[in-house]
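*Asks:* Residue numbers (the working numbering), protein chains in the order written: chain A, 68 to 244; chain B, 21 to 267.
Simulated from the structure, these hints should not be mistaken for lab results.
Yeah, the Cβ is synthetic: ideal placement off N, Cα and C, and Gly gets one too.
Among the hints, erroneous ones may be present.
[Claimed, not checked] Distance condition first, Cα-Cα at most 27 Å in a straight line; then the derived DSSO-like pairs of lysine-lysine:
#, chain 1, residue 1, chain 2, residue 2
1, A, 244, B, 89
2, B, 120, B, 42
3, A, 120, B, 24
4, A, 89, B, 205
5, A, 163, B, 65
[Unchecked claim] Among the chain A residues that face chain B by a calculated CB cut under 7 Å, a handful are:
#, residue
6, 89
7, 107
8, 110
9, 112
10, 113
11, 115
12, 116
13, 121
14, 135
15, 158
16, 187
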Amino acid sequence: MKKEINLIDAEVQKTISLLRLKKGARFFCVLVSSFFLFLTAAVLVFLVYFQRKIDVNKKNISLLNSQINSLNKIESYAVTIADRVKGINTIFKNKKNYYQILDDLANLIVNDFSLDRVDFGEDYIKIDGTCRNRQCLEAFNSQLEKLALGGRYSQIIYPSVGRDSAGQFFIIVELKK
Amino acid sequence: MNFKIGNTKFRFRALPLRLLVKELGIAVGICVIIFVFFLIFTIPKVFLIINLFGQLREQDLKIKQLNSKLNDLRTLSESDLFDSSSLLLEALPLEGDIYKIINTIKKIFYENHVNLTSFAINPESGQDGGISYASLNLSFSSTFPDFKQTVGILDKTLPLISVESIKVTLSTSSDDILFPNVSGKMTLKSFFSSLPKDLGKAEKPLPKISGNEINLIESLRSYKRYFEELSSEESAVTVGKENPFPI
């Protein structure tokens, strides 16, 4: 069994431990100070870097602004176009296509059919007419079927079809949008 | 105090505790001073850097937007845009010119043999989806095909005119076997709208025009204009020096 014997004097040992403590404390202080100084230096470097970059960016922005300003006519035309197109689209969206309705009406006028009355309602067109014979009625009906296939009207109905003794047909047709 | 262990000589001098404490105190003091300096000087700078970083990001974004806008602007042709914007301003003018609209309507009706028996400006003008309009009430009489043709032309005329309502009565005195004469009333709307007020923000992106919108502009080119000579006179601009020798 090994036995360690410290031959150094107790006072010397105390002095050594105090010296070690002093050395450690110094080292710690230098480390902490260096760390804070390094951080401060890094912060200053970043600060200078960011400020320079901001200055460069400011110059770039003012250059770009002046270049854009020199093309402000083009911009104003583009903005005008976009604004007008938006407005015109709104007008077209709300516009009722009476020409198409009148065109559909004209297509319904077959031989021997006479138009007596047309009502243009908000969401319907009511047509009163007279067919002189059965062939006319068939032709009129065939035109109506074609119109229904077009899909412009949600519903096409005959509220009334009458016939007189002379063989004339009195038709009322409603085209619903 | 000197002593020897093996061949190594050690020499100690007595280190007073007070001196040690003093030295440690100085070291800790310097540390504290540096820390306080750090707190007072560096920490605000860190906040400043965070602020600058934010500014830098904003600037980078702005530069990106401005570059993109500049590139967009450079790809556009000024003359093409001028043509399109002039056309669109004809379609939807800045101010409602009722006189011009009435003359246009009268001309269309006259050319298509529709008898315009009366017209009245509806005092109730208003706004429809942000667009101002003036309303006109007309009374007319004509044959059915002429009336249909007129409605078709009204739909394809600049400035844009919208047929709001039609009330027709049919008269049996027509020479046409199939189509009777029509007479009735129409309400028309003519539109106008001022320009947007938010022009001029440099970083605001250029509005994009879609394919459908290009098609719309192209379709408007085929629309009829009845007072072109007047509009071309209006748009004449003196460029450069004024003629010093007027006739």
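*Asks:* Which hints from the list above does the structure break, by number from lowest to highest?
*Replies:* 1, 2, 3, 4, 5, 9, 11, 12
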